[in-house]
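Colleague: Listed below are the residues making up each chain.
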Amino acid sequence: MKGKFTYLVIYTSVAITTLILVSVLAYTFIQGINGLTWDFISNTSHEQVEYVKVDNIKANEISYTNQTTYLDVSAYSGPKALDDDQKEITLPETFEISTINGEPVTYMDEKEISQELLEKNVDLKVKLSEVGILSEIVSTLITIGVALAFSLPVGIISAIYLVEYLQKGRLYKIIHFAIDSLAGIPSIIFGLFGLLLFSQLFGLGISLLSGSLTVAIMLLPTIIRTTEEALLAVDQSYREASLALGATKLQTIFKIVLPNAVGGIIVAIILAIGRIIGESAILIFTAGTVDKMPASIFDSSATLTVKAYILTKEYGDIATASTIGLIVITIIIILNITAKLIAKRFNRYA
Amino acid sequence: MKSLEKKVEFIFKLITILSVLFLMLITIFLIVRGLSPFIGDKTNTSIIGFLTGSSWQPSQDVYGIGYMIISTISATLGAMIIAIPIGVLTALAIVEVLPKKLAKMMNMAVELLAGIPSVIYGIFGLGLIVPLIAKYSPQVQGQSLLAVILVLTIMILPTIIAISVTAIKAVPQSYKEASLGLGATAMYTNFKVILPAAKSGILTAIILAIGRAVGETMAIILVAGNVAGGIPNSVFDQVRPLTANIALEMSYASGVHQSMLFTTGLILFVFILCLNIIIYKIINRQKEL
Chain U
1 MKGKFTYLVI YTSVAITTLI LVSVLAYTFI QGINGLTWDF ISNTSHEQVE YVKVDNIKAN
61 EISYTNQTTY LDVSAYSGPK ALDDDQKEIT LPETFEISTI NGEPVTYMDE KEISQELLEK
121 NVDLKVKLSE VGILSEIVST LITIGVALAF SLPVGIISAI YLVEYLQKGR LYKIIHFAID
181 SLAGIPSIIF GLFGLLLFSQ LFGLGISLLS GSLTVAIMLL PTIIRTTEEA LLAVDQSYRE
241 ASLALGATKL QTIFKIVLPN AVGGIIVAII LAIGRIIGES AILIFTAGTV DKMPASIFDS
301 SATLTVKAYI LTKEYGDIAT ASTIGLIVIT IIIILNITAK LIAKRFNRYA
Chain F
1 MKSLEKKVEF IFKLITILSV LFLMLITIFL IVRGLSPFIG DKTNTSIIGF LTGSSWQPSQ
61 DVYGIGYMII STISATLGAM IIAIPIGVLT ALAIVEVLPK KLAKMMNMAV ELLAGIPSVI
121 YGIFGLGLIV PLIAKYSPQV QGQSLLAVIL VLTIMILPTI IAISVTAIKA VPQSYKEASL
181 GLGATAMYTN FKVILPAAKS GILTAIILAI GRAVGETMAI ILVAGNVAGG IPNSVFDQVR
241 PLTANIALEM SYASGVHQSM LFTTGLILFV FILCLNIIIY KIINRQKEL
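Listed in order, the protein sequences are those of chains U and F. All residue numbers for the first sequence refer to our numbering, where the first residue is 1 and numbers rise by one. All residue numbers for the second sequence refer to our numbering, where the first residue is 1 and numbers rise by one.
No wet-lab data here; the hints were simulated from the structure. Please read all numbers here as calculations on a predicted model, not as lab measurements.
From the structure, some residues in chain U lie toward chain F, with a derived Cβ separation under 10 Å:
| # | residue |
| --- | --- |
| 1 | V14 |
| 2 | I20 |
| 3 | S322 |
Just a sample of chain F residues kept apart from chain U, beta carbon distances all over 12 Å, derived:
| # | residue |
| --- | --- |
| 4 | I48 |
| 5 | L51 |
| 6 | V62 |
| 7 | G64 |
| 8 | M80 |
| 9 | K169 |
| 10 | L203 |
| 11 | G230 |
If you want a taste of the chain U side facing chain F, the calculated C-beta under 10 Å gives, among others:
| # | residue |
| --- | --- |
| 12 | V9 |
| 13 | I10 |
| 14 | L171 |
| 15 | I188 |
| 16 | L335 |
All C-beta atoms in this analysis are idealised placements derived from N, C-alpha and C, irrespective of residue type, glycine included.
So that you can see chain U by itself, here it is in the shape it has in the complex (with noise of 0.2 Å):
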């Protein structure tokens, strides 16, 4: 019985594991698929002016944030308004007034604003916000980019000169253990690094470039250790084969250790992509929260992850938040069967 018993424990351990990823794919899938939307993902986020008229507004669905510049009225009801052709458009929960009966907001005070939208009908101008995610993934294509024109040279150099060159010794564990040290750092603590070094000391400010370099940092661990071992995988016996046939060192890396370890390598660098779009913590600081479009990458400007914790957290928009990750996960499992298939096909020759 107690075997019994333990099989029931065991396999309620995969069963959580597997309903706690059911949850949140299901609820994120929930949540974002409305806005999955072609115009969201090839606009960026812009604002649209509409006319509208709009009738029997209450007075508890009036709210105002601040007063000097604009009006918000928040209507919990979603009030259903008529725009020029007199069809049906359904105003978002808050939007922004510009003109009410013609008079521009900006001249009245509450008071003014409380009666005349309480008025049967109103004519309103008013601004929606739409959000679109080009400039997101614009951003977040360039950062890729960036960062692993970096941090790939970088990284696979040190590992062939790890794997090729020093082998074992003190420089060897020393080296090793600053790889590993810096791979465990959790990335808020780049993220201030990065603020330092690169947008104060540097002078990059925030911007694309100083996220990416920060990133590239970030990746260095990943990229050394996951070469290495595709280094190392490759078998002695082509390097003495090579070697013996009279080719130097370098003529033996590049011709015969790096293409038979490509393989590795390319699945690297895959994970490194779906570690770079997941990656939020080091962009917010360096890289910036706007939402327009960069025009270099100079500019400050949010990645996709970036974006969607901003909707969450300034705005509490779940639902395009989700549709972000929506989109974000998708790519990922794409990367991820991706780097299966090209170990698997790699694999085979070995």
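We have chain U; now place chain F onto it with these hints.
Modeller: Below, chain F alone, put in the same frame as chain U:
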């Protein structure tokens, strides 16, 4: 030809030392910036006061991270208590108990969980876990120590499972065969032979998971509540873990305030370094065996 080889080797060596350089730079930066408020007369808080204080009011020169340290430790402990049994048992199931196809699927599921960005777990926590807790909590809000524990558990589970799977797989097949050959049942073998043999690997998994839990930022900010003081008395109290403190105020802090955030980072950094040294010792001990 020989001189080219020597030059290239030298360049490679320099590039490799970059990694060590970065680690040193991070350490130096953190130490210099982090200790700067305590040198000289910039603040009334002493180092002991900083470490044990239970209130954080930068505008009044009050910097106490004591309650944050307790928050981080309680959250991590709570997550450990839940995640270690589930994680190790699931790992055991994947390697020894589940049929091959199911084991493969579980492995893929765990890899997927490991790859999901932390923000998404934070969104899940805020959207699902926090309202759930708010329903049953004696307090009015759902953001709480419990929420942080649950989110952290979900996040460290894949780490524990993945590394434990590697550790359990590494146990020589002969151990299992010998035990079964002597008449032990499969379950007995699992718990008395295989798991003890995988002990150091599982321990590494646990310590790496602790590191991850202590360092997690984005997800827990959304569910922690982030109060400015007060030691949590119950799991339903709001908390402010160390990482949340840094992340929340970094964007607008300056001067002594900003340096204090670096000091918080320094504490985290030192803690994680110690964990790494422990792992190193465990791995080296196992290699000697």
